[in-house]
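Participant: Each chain is listed here by its residues.
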Amino acid sequence: MMFGASDIGLLISSTLTYATPLIIAGMGSIMSETSGVVNIGIEGKMVIGAFSCAAASTLSGSPWIGLFIAILVGALFGLLHALACITFKADQTISGIAINLLAPGAAIYFCKALFDGSTQTRPVELTGKLPLVLGGVFPENSFLDFTFKNYVSVYVCLLLALCIWFLLFRTRTGLRVRAVGEHPRAAATLGVGVFRIRYFCVVLSGVLAALGGAVIPLSTVSYFFPAIISGQGFIAIAAVIFGKYKPGNTVLACLLFGFCKSLALSLGNPKFELSVSVHLLSMIPYVITLLVLLFIGKSHAPAASGKIYDSAGH
Amino acid sequence: MKFKKILAVLMTAGLLLTSFAACGGGASNSSGEGEGEASTEAEAEAEVAETISVGLVTDVGGVNDQSFNQSAWEGLQRFRADTGSKVSYIESKDESGYAPNIETFIDQGTNLIWGVGFMLGDAFAQAGLDNPDQQFALVDYAYAPEDIPNKNVTGVVFATEECSFLVGYVAGKMSETGKVGHINGIASSTMETFAVGYYAGVLTANPDVQIMGQYSNSFSDPAAGKNIANQYYADGVDIIFSAAGATGNGAIEAAKEQGKWAIGVDMDQNYIAPDNVLTSALKRVDNALYDVSTKMLNGTFEGGGTEMYNLKNDGVGYATTGDHIPADILAEVEAVKNDIIAGNLKVPATAAELEAQFPGKYDMPPVEEQ
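First to last, the protein sequences are chains A and B.
In terms of the working numbering, the first sequence opens at residue 8 and continues consecutively.
In terms of the working numbering, the second sequence opens at residue 144 and continues consecutively.
No lab work stands behind these hints: they were computed from the structure.
Each hint should be verified, as a subset may be incorrect.
As the list claims (entries may be wrong) - Cut-off 20 Å, straight-line C-alpha distance, at most; resulting in silico cross-link-like pairs (SDA-like, lysine to any residue): (1) A:Lys251 with A:Lys156; (2) B:Lys403 with A:Phe173; (3) A:Lys278 with B:Lys504; (4) B:Lys294 with B:Lys403; (5) B:Lys294 with B:Ile249; (6) B:Lys322 with A:Pro277; (7) A:Lys156 with B:Gly402; (8) A:Lys156 with B:Thr443; (9) A:Lys119 with B:Gly204; (10) A:Lys251 with A:His307; (11) B:Lys229 with B:Thr437.
Bound-form chain B, shown alone (with noise of 0.2 Å):
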């Protein structure tokens, strides 16, 4: 029983001790200094233009995520070496470490704190109401005015359809079968808009080309994605764009194993299956952090708005990594982007406005809002 009393009290120790490490937030990294030639640049600038702290509390990921707060990270490192500002991060442990991060950097007078992830956004809009004079900015969160009172939170969002229409038009040019997949993951209004993005690139390349498509009610399942990507390419199909976190992790894994091809979603996943990864439909993370940072380094930067993040302003994007793309149709598809960007093509962001460019072409199931 002796034994027993001194393992309680022992397991008991270490419940607390990692709640508090869990509350301290874990590790933390911040330099004041670039590296190599661009920090002597950068200090000979610095001296000009005055330099500003910037913090960034990653979501539970960590900033090796191979995910968003790996890129938020880098264009916050590129952030430092182009200007010789202050960067730091710290990364979340769970839903509990945030808003003690986020008075970690308040309490070291950083003057932007960045956030990644929608799961922040309570914390990140309690902090914007408790401290009205720093600044916050939140990576896809998009804010009611009523919801900051202080003008101090940016919310930072992306035009995912439009990346999604690039790569659908990729797919639409290149698929030899006439037939094109979808995988996508619980359905939301947010994830409808890759979908619809994707059919409409694949429908504008080609309107005789067939798409197959469907949720998976998942985003870390990926026999799921698997699942479904060997019955889409038993019915003919080619290429798969998955926009469905892990999920679609198991549908590049079957394109691998089969052959074909797949396109990845958020980073560059070519890396997965070098062979079979296609192309991938990017949210450009880095470059929002990076951009934001800069105005709020020249004095230009307003706060409190949401910051719309597009092909434009290299917000999305898409990746050529492998060079799976033949040269022709790349210049086809810079050639759309370009129009994209000059506003002569108009991409559809809901079914709605889908439907009514292409009629009776958009067959996933309606997005049943709360």
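Pulled out of the complex, with its shape left as it was, chain A reads as follows (with noise of 0.2 Å):
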């Protein structure tokens, strides 16, 4: 059996599935590398995004407060890599890799507490999760259907990648964040707060990082458990690495990683009757990253990335 339109349509839809938090918490990523700030505690922040909003819905009704308390908490924990690394000028490394620790053991502990100590939370109502757009709006099971059906999540996270661009390479701020981390002296010399552009960068790259996390109980799945988040966090900066610290480029790389997923699991329905081993489908996602990694070359991560900037010129 080949594959048909409404297999195609399916296919994209499940790649937009996998795409969407990666893309929200590799914007997060962006902003805070681009400033100069290495992130690797975005897989913590996304857990403890996921965390809240599916604890706040639950227990309010209401999918815009869980992401109102996912961005709270976000800019929270955002907060906390800024003033480790910015302020007290810690390693960013080790202050990242403090909060992929701390993080999950809160959102567990918290969970406990609130919910009769189990380590989920409830599960949200269908009418308590993120809108569904375009919905009955093509005939039911046709390729239009499949394609465009979405959580409203997935249209946002493209809506978010271009604004993301705009902010960067369009405006004056965008142009200062580019500057703070290419060469942060020279920028303090020409007048830019290194800190506060900083301190900016890191605190909404959590913000973004945790609300990548949130949309999961509010679209894949509709409750909190500790194994929702495993190993998306590394993946969305990688697909930063991959996509050469631009949005555009990541939104692709992020595509990219999520079709191979769903290419692999499409090919393992039995209809298509492929007797190709499960460990080769499998390798799918990653033999075809090593496949485009030849073509597109060298990134370059903004020059100030990881350095401490210290405004006394030690």
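Assembly of the complex is requested from the two constituent chains, each provided in isolation within its own frame, with the hints serving as guidance.
Facilitator: Next comes the structure, spelled out in structure tokens:
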């Protein structure tokens, strides 16, 4: 049996499902990296974002309150990273690792405290999830229906990437952010507030990473459980490096990753009667990544990324 | 620069503290008394029969994991209520906590030490070697006799093909489209047992039902479970059985969104989607702990073997929460269950046995064991 139109539609929507959290968290990673602060704590912030959103949504009954709480919690963890790395000049990688260790622990602790000792939150009602866009517009089970009937997060994440691109490459603030990430001292001599810019970027990075985690319990599943984020934060960082720290390329890298994962699942469907080993199918994402890497060339991180900036010149 | 040093010292201290906490094993709960009425009865009995102390070392999930650790602790709580014995647990924070937690129970003079999950296999085998007079039992592990020369570590395993067979039978009887699905986790002979039992159950119920099944290659990817389920439902499948850990949660979510049926695994998963989880293939870890602990108390327990828990001794089963299965089908399932218990119906446990019974029906990829 060959791929039908509806199978291709499903493949596209499945690709988007996978890519959405990666794109949102990836934009967070770009903001932080571009301003010169390495942020490997994306994974931890996604976990705490997923938990706080699921908990607030199920307790309040509204996905919007859930997202709002996730934004606050993400900002708090972003602030923690900013405080350690910018004000106290701690090693950025260590601070990121600390957040990756702290956040899942905190999520489970508060989950147990709020939900009778359970490590899962109660499921959010169907009506309490994010709205489905373009549902019922096209005939059911048609190619267009499968392709375009998605949770609103899918479309918002693409818009978000556009906004981040506009912010970084078409506004004065964006120019300053990039200057601070490339050469903070030069930027400072021209009167740019390096600390202020970096604080803004790192806090925004925390917010976006938390939102990347938060959309999962409001779309893919309907509750938080400890394994809900398993490596997506690191894949988002990889996608950013793969996409050469550019929003557009990063979106493509996330889509490529989602497509490969989905393709492996689709090809495993017994109706296609491909007697391919599951191990070979699960290699698809990595083989394609290696192939693409051959062609895209070297990825350059912002020059000051990871370096501690001391305004006193030490 | 001063700040940096202070921060470095603080972080080092923090890391050291967390590693100590991990060694200690964290939360511990112990109590020698039962609750409510059960305890007075139990105490009266306890004067006749001697009581024992039983300890449980959990895997990293902890006793509220909505999975095996929780089920195990429920079994021990029931054991305490019925016998007045002393039971307690220690939660392992990570793999490095297994051995120290076992050690803690040995130091407390615990009569029987339980572990949950195959991850603890090596730690228990080693503890058995080092402590020849101590009795241990571990859920989900089948030891080879040569691994346990002191005959003091018991492996407890479950006939998951039997519970999968029953939920498969329900699916075969209830499918309106004549198509059902199965989503599995990472291919292994243990996981294949679920698939084989399910296929056999569906085909026994109705040989004309078509089954779609595949491995998702993950136990922790709900998006994968959801994507596969969406594809199956689009292909006309109306019931999907997932045996894939958290990956299956995504399949249940797809059923909830589309108003289709899902079948849960291990525990009663009806609470996730009360209107859409038809039944669940249950592994009664609680019954196994209760049973082995009771044998230990009565002095009829001989350690060192592998105990098989199946339909006959209530070690596996199926859930009826939500009353979604019509009475006539339920009666048939009960009859099939009794046939299996009586030995009149042999449930295949391997792909080869299934192939012999239903030639050409099983199309899941073969398992390559190393």
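Participant: It remains to establish, for every hint, whether it holds in the given structure.
Facilitator: Do the hints match the structure? See the list:
Pair hint Lys251 (chain A) plus Lys156 (chain A) does not hold up; C-alpha atoms about 31 Å apart against a cutoff of 20 Å. Distance hint between Lys403 (chain B) and Phe173 (chain A) is unfulfilled; the C-alpha atoms sit about 43 Å from each other, more than 20 Å. As the CA atoms of Lys278 (chain A) and Lys504 (chain B) are separated by approximately 13 Å, the hinted pair is consistent with the 20 Å bound. For the hint linking Lys294 (chain B) to Lys403 (chain B), the alpha-carbon distance of about 49 Å lies beyond 20 Å, and the restraint is violated.
Proximity of Lys294 (chain B) to Ile249 (chain B) is assessed by CA-CA distance (about 17 Å); at most 20 Å being required, the pair is judged to hold. Only pairs whose Cα atoms come within 20 Å are accepted, and Lys322 (chain B) paired with Pro277 (chain A) is accepted, the gap being roughly 13 Å. Of the pairs offered as hints, the one joining Lys156 (chain A) and Gly402 (chain B) holds, with about 16 Å between alpha carbons and a cut-off of 20 Å not exceeded. Distance hint between Lys156 (chain A) and Thr443 (chain B) is unfulfilled; the C-alpha atoms sit about 61 Å from each other, more than 20 Å.
Taking the CA atoms of Lys119 (chain A) and Gly204 (chain B), the gap is about 12 Å. The hint holds against a cut of 20 Å. The suggested pairing of Lys251 (chain A) with His307 (chain A) holds, with an alpha-carbon distance near 6 Å, which does not exceed 20 Å. Proximity of Lys229 (chain B) to Thr437 (chain B) is assessed by CA-CA distance (about 12 Å); at most 20 Å being required, the pair is judged to hold.
The structure fails to meet hints 1, 2, 4, 8 from the earlier list, while all remaining hints are met.
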